[in-house]
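What follows is each chain in one-letter form.
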Amino acid sequence: MKTTPLMQSNIAAQARRVSALTRRGTRGKRRLGDIIFRNFTLLFVLITLALVVGVAWILVSYSLPTITAFGFSFLTNQAFDPVHNVFGVAPAIFGTLVTSCFAIIFAVPIGIGAAIFLVEFCPLALRSMLAFVMELLVAIPSVVIGLWGFLVLASWLNSSGEPWLQSHLGFLPFFRGQPHGLGLLAAGIVLVIMILPLIISVSREVMLTVPQSQREALLALGATRWEVIRHVVLPASRVGIMGGIILALGRALGETMAVTMVIGNQATKPSASLFDTGYTLSSVIANQFGEATQGLFLSALLEAGLLVFLITLATNVLARWLVARMGRMSIGGLNT
Amino acid sequence: MFKRWHIAPLLAALTLLSMLFSACGGASSASTSTNGAQSCPATRTLNGAGSTFDGPLFSKLFTVYPGVKCGANVNYQLIGSGAGINDLLNQLVDFGATDAPMTDAQLAKSPNGPIIHIPVTLGAVAISYNLSGINGHLKLTGAVLADIFMGKVKTWNDPEIAGLNPGVTLPNQNITVVHRSDGSGTTGIFTHYLSAVSDDWKTKVGAATTVNWPLGVGAKGNPGVAAAIKATSGSIGYVELAYVVANNFPYALVQNAAGNYVAPSLDGAKADAANVSDIPADLRFYIVNAPGNDSYPISGFSWMIVYQNQSNPDKGRAIANMLWWVTHDGQSYASALTYVPLPGGIVTRDEAQIKSMKCGNTPCYTGK
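Taken in order, these protein sequences are the chains called A and B.
According to our numbering, the stretch in the first sequence is residues 1 to 336, in order.
According to our numbering, the stretch in the second sequence is residues 1001 to 1368, in order.
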């Protein structure tokens, strides 16, 4: 819709009236209120900023003893050994990355696929119900999912799942070694379950915002449903979907309770096998904090916390950059 | 639209009011009485934190204690032994509780003079397993246990295990070791036992509430280990005695220093504690593998830790009274909760420790 010259003059007249109103009698009081309000909101922003800086400051200052004692070897050392006062988190970094990547690899296609069904193919009556059930899945506390993973999933993997994988797909390096039930595979599956609803609901919301007229336009040109999804829906919503994926990745990286309960909590030499038990950075902290006494032990745990902080920060920065880039690209696409 | 701004003065008034109240509360708690030595201390609330192993016992004791003569309310937080030690060192609590005695390095960090250890209860650690088709209890020695937990013995029908169990057909199945993933006094007792019976374990892994396990699967808490053993065929792990008793789990008979195979039990642990020779004066000691025909070798104490010099005399007296009650009358509640009551010899040692607490120039404990 274009604005006509008449409408523009109307808007200008309205703006003049509003500014005249503010200049009259109540002016001083209003301005004082505005200043107070502005400073209050500024104060809240500063409080939030101070919290972030404070957390970072504490993490850095408390982990200084291990940073100076071990330096870079903290990242490469296999052993987390309070008895001999030698600390390293290589298996935990490995476990964090492997389980999160596993979760993203499986949750993204399933999640986007489910969202496409919900938006494009699902009967309207069924859609809201299905969406509700999936959002319910987001609301389940992680400790409950962990409990299910520990009691049901892990023992099923131990007795049937992992032996089956070993006999049918054992030629792959991922399914070798002794099945324990608890391990990287169980942790990865639990994470898939936890981030899947997140990806579905974000993708669904974004796809719903794609104008119906665009879909109809392409259908009118003789495109198939698949072509509509491929050329209109997905390109228009990819920025939002990417945001959802990054949100999910953030959750997977930081998830503590559910993963701690099923990952097996045993530092093993990083290998390709998903049957191996493992550790994540946050599960190291959750497990050891209660017994960590002052000195290098406590400092090592805080450095693990600092690493989680940095990894999450890096993912967020990367996500911002990606989203901004993709946003520019799609605007450019519309203009041409 | 101005109506909503009426909330602001109301809020301000509320804040002022609450500040006033908290100020009053502070004043009343600050006014400690300076009564004679014979009357009860004015301090009616004590704060402690530490060992989760002690949790069920303490929660029973501290529901009873406010009702006894000169009793007090005791808030006890189950945050883990290490965190309990940290809280005491940071002077956040009046006493700590730990399943592993403080190390010399930790004691050196005390901001407030010496810290004394007072054993308050005893625990035993059972070896549990999941093997189908085995009747009766497996027999194990410390050396074989160490080999299993180091990965030297990998299958159940290994000659090392079979040799101890003639007449038992052991399956050709891989052993899955289950251990605690969180730091714990149970792990402390178990690893001290393995260190006592195996030099290899002592040098390569060592003993502490949390160690760098050579292999296995880690599960959180005694319930986690118990559930993991139950779910995993061919597994072996160590759990607190109370769990084995409560859940009717299979357990191994463990060879003690006298060469007998002993089942984990309250009596076995008590015998282990009673037969310890040369107890150090500061009561920081492990009792694993003590002599005696009936001693169950994988047992250990749990301690309360307090500052010897109490800066607040009134609170010091309240703490001393509490410690005295826990180590005397309080012990009658232990057996019912599958804790081992303290042997008489240890109670006498505890009395000496409690009497050594100083409130200024006088002893804190003024009873008999």
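Derived from the structure by calculation, the hints contain no laboratory data.
The reader is advised that the hints may include incorrect statements.
[To be verified] Below, a list of computed lysine-lysine pairs in the DSS-like style, where the Cα atoms sit at most 25 Å apart: (1) B/K1069 <-> A/K269; (2) B/K1315 <-> B/K1069; (3) B/K1109 <-> B/K1152; (4) B/K1202 <-> A/K269.
[Claimed, not checked] What the simulated footprint calls covered on chain B by chain A, stretch by stretch (three residues with Cβ under 8 Å from a Cβ of chain A suffice, anywhere in the stretch; the number is not a length): (5) 1125–1138; (6) 1196–1209; (7) 1311–1317; (8) 1321–1330.
Backbone N, C-alpha and C define an ideal beta-carbon position, used for all residues, glycine too.
Results of checking the hints against the structure:
1. B/K1069 <-> A/K269: violated (58 Å)
2. B/K1315 <-> B/K1069: holds (16 Å)
3. B/K1109 <-> B/K1152: violated (39 Å)
4. B/K1202 <-> A/K269: holds (22 Å)
5. 1125–1138: It is violated: at least three residues are needed, and the region 1125–1138 of chain B offers just 0 whose Cβ sits closer than 8 Å to chain A.
6. 1196–1209: holds (count 5)
7. 1311–1317: With 0 residues closer than 8 Å to chain A, the region 1311–1317 of chain B misses the three-residue bar; violated.
8. 1321–1330: violated (count 0)
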